[in-house]
Amino acid sequence: MASTPLVKKMIQPSDKATSGFSKAPIVRPSIPSGKRMRTADELAQATEKISVRDMSFYYSENRALTDISLSIPECCVTAFIGPSGCGKSTFLRCFNRMNDMIEGTRVEGEILLEGQEIYSSRTDIVTLRKRIGMVFQKSTPFPKSIFDNVSFGPKIAGIRKKKDLYEIVERSLQRSALWDEVKDRLNESALNLSGGQQQRLCIARALANDPDILLMDEPASALDPASTARIEDLIFELKEQYTIVIVTHNMQQAARVSDQAAFFYQGVLVESGATEALFTNPQKQQTEDYITGRFG
Amino acid sequence: MTEEGSGKEQSVEMELGEAAVIKLPRSTSLARADGLLVRLRPFYEGVIHFALFICASISVLVTVGIVIILLYESVQFFFDVSIIEFLTGTRWTPLLKPQHFGILPLMCGTMLVAAGSAIVAVPIGLGTAIYLSEYASPRFRDIVKPFLEILAGIPSVVYGYLAIVTVSPIIRYLFPSAGVFNAASACIVVGIMILPMIISLSEDILQSVPLSLRGAAFALGANKFEVTVRVVVPAALSGIIASFLLAISRAIGETMAVTLAAGATPKLTLNPLESIQTMTAYIVQVSQGDTPTGTVEYRTIFAVGLMLFITTMVMNVIAQYILSRVGEQYE
Ligand SMILES: Nc1ncnc2c1ncn2[C@@H]1O[C@H](COP(=O)(O)OP(=O)(O)OP(=O)(O)O)[C@@H](O)[C@H]1O
Ligand SMILES: [Mg+2]
Chain A
0 MASTPLVKKM IQPSDKATSG FSKAPIVRPS IPSGKRMRTA DELAQATEKI
50 SVRDMSFYYS ENRALTDISL SIPECCVTAF IGPSGCGKST FLRCFNRMND
100 MIEGTRVEGE ILLEGQEIYS SRTDIVTLRK RIGMVFQKST PFPKSIFDNV
150 SFGPKIAGIR KKKDLYEIVE RSLQRSALWD EVKDRLNESA LNLSGGQQQR
200 LCIARALAND PDILLMDEPA SALDPASTAR IEDLIFELKE QYTIVIVTHN
250 MQQAARVSDQ AAFFYQGVLV ESGATEALFT NPQKQQTEDY ITGRFG
Chain B
0 MTEEGSGKEQ SVEMELGEAA VIKLPRSTSL ARADGLLVRL RPFYEGVIHF
50 ALFICASISV LVTVGIVIIL LYESVQFFFD VSIIEFLTGT RWTPLLKPQH
100 FGILPLMCGT MLVAAGSAIV AVPIGLGTAI YLSEYASPRF RDIVKPFLEI
150 LAGIPSVVYG YLAIVTVSPI IRYLFPSAGV FNAASACIVV GIMILPMIIS
200 LSEDILQSVP LSLRGAAFAL GANKFEVTVR VVVPAALSGI IASFLLAISR
250 AIGETMAVTL AAGATPKLTL NPLESIQTMT AYIVQVSQGD TPTGTVEYRT
300 IFAVGLMLFI TTMVMNVIAQ YILSRVGEQY E
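Sequences listed follow chains A and B, in order.
Residue numbers for the first sequence, in numbering that gives the first Met the number 0: 0 to 295.
Residue numbers for the second sequence, in numbering that gives the first Met the number 0: 0 to 330.
Treat the hints as calculated values from the structure; they're not laboratory data.
Worth double-checking, as some hints may not be accurate.
[Claimed, not checked] Not the full set, but computed from the structure, chain B residues with beta-carbon under 10 angstroms of chain A:
| no. | residue |
| --- | --- |
| 1 | L212 |
| 2 | R213 |
| 3 | E225 |
| 4 | V230 |
For clarity, every value in this text was computed on a predicted model and none was experimentally measured.
Think of the CB as a built atom: it goes at the ideal place given N, C-alpha and C, for glycine as much as any other residue.
Let's have the full structure, built from the sequences with the hints guiding it.
Here it is as structure tokens:
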């Protein structure tokens, strides 16, 4: 599990490349070349990590998601896009059953993690959440030291030896590209870190649990361009080992980081597919309108 | 509620509709008009300003006045009794011959009751606050809250009375060596008295821990108990400690219950089964007795009062400081 050193490369949001597909002079989110984006073929061959079949989700009486079927491939980045309130976060929270905390919620249909039903009564939620890490929109460091933040998961998993914990903390912080900035002040409060550092700390904290899947709900929406670029680079590094699902409002970001994209509208999955195809040649008019910024 | 609200909105709308037609008086000249009322305006505005200022000053003046009286009388007292003896003497017998003016027995009594009531109230109070904030259903919380308010509203003399007729007999049954008046019964009732304060302050602070922190901990695979013990309580810890300090400072100042329950025997002891006397109870005893004003005996109550004041003020200041720091934490 050697972590490759993070190559610092700022991402240039290149809006020069307008596509010729639509008549109007519309700026399409451009697909960066250079980066290792998975091709449609690779996507098709990837193992299915999560499989969602005819899933609907209810907040009490209100249906927030309708008949969603989607396959999430292993070691790829899947982006959820769509206008505000369309149910992206709700869907994301279904994977690690965070919606269970909200009273009166109900799920129909099935979500399978490697073939096992997530919403089965026999599912152990704690185990599930250890396998599926989550990073929230607003960074949520605990008011504890950096070390205690990252070692939180391993500690409740029963790891006690200081040496083992230290090893996990170092490895996680290195993977989240924060190690060099904090290695000399692991005992300082995590609240002293900058916003971008806090978000990378939260990623490290999730990684320390050694999950296979990382859910990210608008992880960069509160960050400046430089921090955003770092997080995006990070996502690129991490997808070699982790299955990543990311919610984003930023079309450019979805185009930059994701291999597969899914467009939601009013609780319905309108279209999904390889990011390149979805952004350059959407099948549905709604998708076309949304990604070209005509609404949403 | 809703009907009333919508009714109000309607009437506002109607007024607004009419106001659109009615013109407000407005002169085009900016020069001040010359009516008597207008010329008097600076005057009566000044009067209002001054009256409100007086109101605001009263609390300041009263505080300053009390402190000055306490200091003045205490200084007089310390002309007669050395401050060293007062602070280090282990016997307190100002009303008996030979007189001794060592405040330690009273201090010890006060601290014994404060510590004892904290031992009673802190675990129960913290447990209740955690339960109400983290585990209880909103409905249960709504049922418990009024009971806490009633508990907080029971007059302290009632607690004192209960200590004598109920708590003390139980203690004497369990520990036959205990006296009718004993520190333990005072500790228990004072503990119950400060319980509502600890619960409501701590619960507020637990509630102020952002939901997102709990969510983050749950997402890492923590269970309810781990989230509560490892994230929520530590995040709220300084505030919880501040609530303890405020409650203990209240216990130190508590008078009626300890006067009735703990007895009137200044004693340098940590045995809760014995009769003791607190600083407050001593002040009651002298204030009610026939000690002539102007004598050393009489002035003891100001010196004791000053000690009491300093003790509680220090605790309150520390608690307020901690609480203000907590407020900044989640901005
Ligand atoms: N706790 C809740 N209780 C009831 N309804 C909710 C709750 N959370 C979300 N909803 C509703 O579910 C729908 C989808 O919300 P969701 O937060 O998933 O949208 P979103 O796509 O993430 O939006 P955004 O991009 O603004 O974050 C919305 O109509 C919202 O009002
Ligand atoms: Mg959302």
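We went through each hint and held it up to the structure:
1. Hint on B:L212 holds. Least Cβ distance to chain A is approximately 6 angstroms, under the 10 angstroms limit.
2. Because the beta carbon of B:R213 sits about 8 angstroms from the nearest beta carbon in chain A, less than 10 angstroms, this interface hint is met.
3. Below 10 angstroms, beta-carbon pairs count as interface contacts, and B:E225 has one with chain A at about 5 angstroms; its hint therefore holds.
4. Because the smallest distance between the Cβ of B:V230 and any Cβ of chain A comes to about 6 angstroms, under 10 angstroms, the interface hint for this residue holds.
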